[in-house]
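Student: Listed here are the chains, written in short residue letters.
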Amino acid sequence: MFTHTPLRLATLALLAAAALTYAAVAGFFGLEILAEIAILAILVIALDLVAGFGGMVSLCHGALLGVGAYAFTVAANDAGLTALPAMILAIALSTALAFVIGAVCARSTGIYFIMATLAFGQMAYSFVFQSPLYGGDDGLSGAPRPDLSALGIDLTDSRAFALYALLLVALAYAVAAATLRSGLGRSLVGLHHNEKRLRALGLTVWRAKATAFAISGALAGLAGCLAAQHTQYVSPGLLSWTVSGEALVVVILGGLGTLVGPILGAVLFVILKHEISALTPYWHAIVGLILIAVVMSRANGVFGFLETRLAARKPQPQVKEAKADA
Amino acid sequence: MLETRSLSKSFGPIQVTRNVSLKLEKGERRVILGPNGAGKTTLFNQLVGELRPDSGTIHLDGADVTALRVADRARRGLSRSYQKNTLFDGLTIAENLGLAAAVALGKGQGLWSDPLQSAEVRETVRDVAAQVDLAPHLDARVDAVSYGIRRQLEVGIALATRPKVILMDEPTSGVGPEMSKGFHRLLKALPRDLTILIIEHDMDLAFDVADTITVLNYGEVVFDGLPEAARGSSLLKDIYLGAWEDA
Ligand SMILES: Nc1ncnc2c1ncn2[C@@H]1O[C@H](COP(=O)(O)OP(=O)(O)OP(=O)(O)O)[C@@H](O)[C@H]1O
Ligand SMILES: [Mg+2]
Numbered sequence: 566m567f568t569h570t571p572l573r574l575a576t577l578a579l580l581a582a583a584a585l586t587y588a589a590v591a592g593f594f595g596l597e598i599l600a601e602i603a604i605l606a607i608l609v610i611a612l613d614l615v616a617g618f619g620g621m622v623s624l625c626h627g628a629l630l631g632v633g634a635y636a637f638t639v640a641a642n643d644a645g646l647t648a649l650p651a652m653i654l655a656i657a658l659s660t661a662l663a664f665v666i667g668a669v670c671a672r673s674t675g676i677y678f679i680m681a682t683l684a685f686g687q688m689a690y691s692f693v694f695q696s697p698l699y700g701g702d703d704g705l706s707g708a709p710r711p712d713l714s715a716l717g718i719d720l721t722d723s724r725a726f727a728l729y730a731l732l733l734v735a736l737a738y739a740v741a742a743a744t745l746r747s748g749l750g751r752s753l754v755g756l757h758h759n760e761k762r763l764r765a766l767g768l769t770v771w772r773a774k775a776t777a778f779a780i781s782g783a784l785a786g787l788a789g790c791l792a793a794q795h796t797q798y799v800s801p802g803l804l805s806w807t808v809s810g811e812a813l814v815v816v817i818l819g820g821l822g823t824l825v826g827p828i829l830g831a832v833l834f835v836i837l838k839h840e841i842s843a844l845t846p847y848w849h850a851i852v853g854l855i856l857i858a859v860v861m862s863r864a865n866g867v868f869g870f871l872e873t874r875l876a877a878r879k880p881q882p883q884v885k886e887a888k889a890d891a
Numbered sequence: 035m036l037e038t039r040s041l042s043k044s045f046g047p048i049q050v051t052r053n054v055s056l057k058l059e060k061g062e063r064r065v066i067l068g069p070n071g072a073g074k075t076t077l078f079n080q081l082v083g084e085l086r087p088d089s090g091t092i093h094l095d096g097a098d099v100t101a102l103r104v105a106d107r108a109r110r111g112l113s114r115s116y117q118k119n120t121l122f123d124g125l126t127i128a129e130n131l132g133l134a135a136a137v138a139l140g141k142g143q144g145l146w147s148d149p150l151q152s153a154e155v156r157e158t159v160r161d162v163a164a165q166v167d168l169a170p171h172l173d174a175r176v177d178a179v180s181y182g183i184r185r186q187l188e189v190g191i192a193l194a195t196r197p198k199v200i201l202m203d204e205p206t207s208g209v210g211p212e213m214s215k216g217f218h219r220l221l222k223a224l225p226r227d228l229t230i231l232i233i234e235h236d237m238d239l240a241f242d243v244a245d246t247i248t249v250l251n252y253g254e255v256v257f258d259g260l261p262e263a264a265r266g267s268s269l270l271k272d273i274y275l276g277a278w279e280d281a
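Residue numbers (the numbering used here), protein chains in the order written: chain Y, 566 to 891; chain L, 35 to 281.
These aren't lab readings, by the way, just hints derived from the structure by calculation. Please note that a few of the clues may not be correct.
[As the list claims (entries may be wrong)] Take a look, some chain L residues computed to stay more than 10 Å from chain Y by CB distance:
| # | residue |
| --- | --- |
| 1 | Gly46 |
| 2 | Arg63 |
| 3 | His93 |
| 4 | Val104 |
| 5 | Arg114 |
| 6 | Leu125 |
| 7 | Ala169 |
| 8 | Leu228 |
| 9 | Asp236 |
| 10 | Ala240 |
| 11 | Val243 |
| 12 | Asp245 |
[Stated by the list, open to error] Below, a sample of chain Y positions facing chain L; criterion: calculated Cβ distance under 8 Å:
| # | residue |
| --- | --- |
| 13 | Asn642 |
| 14 | Arg746 |
| 15 | Ser747 |
| 16 | Leu749 |
| 17 | Arg751 |
| 18 | Ser752 |
| 19 | Lys761 |
| 20 | Arg762 |
| 21 | Arg764 |
| 22 | Leu766 |
| 23 | Gly767 |
| 24 | Leu768 |
| 25 | Arg772 |
| 26 | Ala773 |
| 27 | Thr873 |
For every residue, glycine included, the Cβ atom is placed at its ideal position computed from N, Cα and C.
When you get a sec, could you build the whole thing from the sequences and use the hints?
Tutor: Here it is as structure tokens:
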């Protein structure tokens, strides 16, 4: 079950302090990277919620992000909504879509679940890509940033925007953590361990899965809105399954089912990407090697490694008798 | 409380449940005996809805539940434990019981509070832990406790739903005779109005807790009556001395 261990709280505090400090001192490129990290962090929080805790490994989170980004852009450009209502609309759409995907895929598990989500993701991708309304390959530009001038905040300024992005990461984290501590979150973890027993206990399994997926979809949609506001341009590439795959890599790199780990993973991933791609165009290969090393180490990602290291230093509770499950 | 009328089920050519009619009154403790492969577990699977019978009906507390799904029957107060442990392995014993209680109380989909912290769930966890002797182990993870304790948790999870009817599939299978006897003491201490259907291999222990006995053989009810009558039945001796011996 999800808990805030001292290590997790400390890591969160450290990440927050580092991000805020960096936001205060960084130049333009640093602030752009910070916003990029924030967008990825929200996406991986969304993914870890269902994949890490619920065992529902999804390859459609890129599509959910993309749907949020496009819906936001279209709502603002064509329907003339201001940024806030456009965001609400876009997130509502991602949420609804995720609920449907979750409900349909609820019956399947493991590799079949992954494939079913992939199929949904590809459908969304080709819909956006083919439709003449959404600019096809060229994408759409002109997504606005929220107007917070009433509060004396100018989000066209990259420092202000980075801080705003960090605030949304904190919001996404709070939503995910609250979900995990709710009845639904407890059931979600239970489903991961033993779906059959939970059904026998009286849980309507499909609804629990679909609701959890919908909350995750809402967060992915939020990441999409932020992505659209950041670059003020959306392209079908946002919905590509490779975005989902990358998010999954980041979650595994950081530590499945730890919520903090994937945020750490997002930080490492974006920094690595920028540092290594400056040195060699083969940065994907390097990241691949790192991922292989992490997986082979049998630790649950970078954060899981820290957790087991720290636990090993404490005296272990005595394991009572030998296991003898028939 | 729980009643089946001519329940039948086949797997291909093999009929594993033949015209089974059973009736349990409220508070009755009925033990099902029968050799390996007699169809005892298959009967349970049909009672809780994990398996559809080919024909026949199942009534729970007066209502026909034959067409209801597993979760719906559970919500009406039917609960079961499994012959092979079916636990939430990565969680603690308290979390296992708490999750079961939370789901049974309809808090399994809630968004606004933590059911594990609710007074109702905590009270259930405490009570059930006392009922199946798990109190000293509440904070231990399931994969860190002995098989016998996991076996007790298996029944504890079923009890945590506060059922009206509980089905236990060989709750003491694989544990030693001492622990087995201890478990039967716990069983006898359960509230008297709880209706219990229990599959048990050990005849002596079975007679120890049973109000009534059903004997299944090749999917068929070959005996239904009081323990004293079962003890004297030559039929039971035949099965017991025959196929049963190698059980
Ligand atoms: N899903 C299934 N498909 C085909 N045959 C099955 C299935 N489940 C059970 N059987 C068969 O039905 C018969 C009854 O099995 P069941 O598990 O109900 O016996 P049991 O009385 O519980 O035995 P035991 O004492 O060994 O637990 C067995 O021959 C078994 O092989
Ligand atoms: Mg059996």
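Student: Hint by hint, where does the structure go against what was stated? Just the numbers, ascending.
Tutor: 4, 5, 6, 13 and 27
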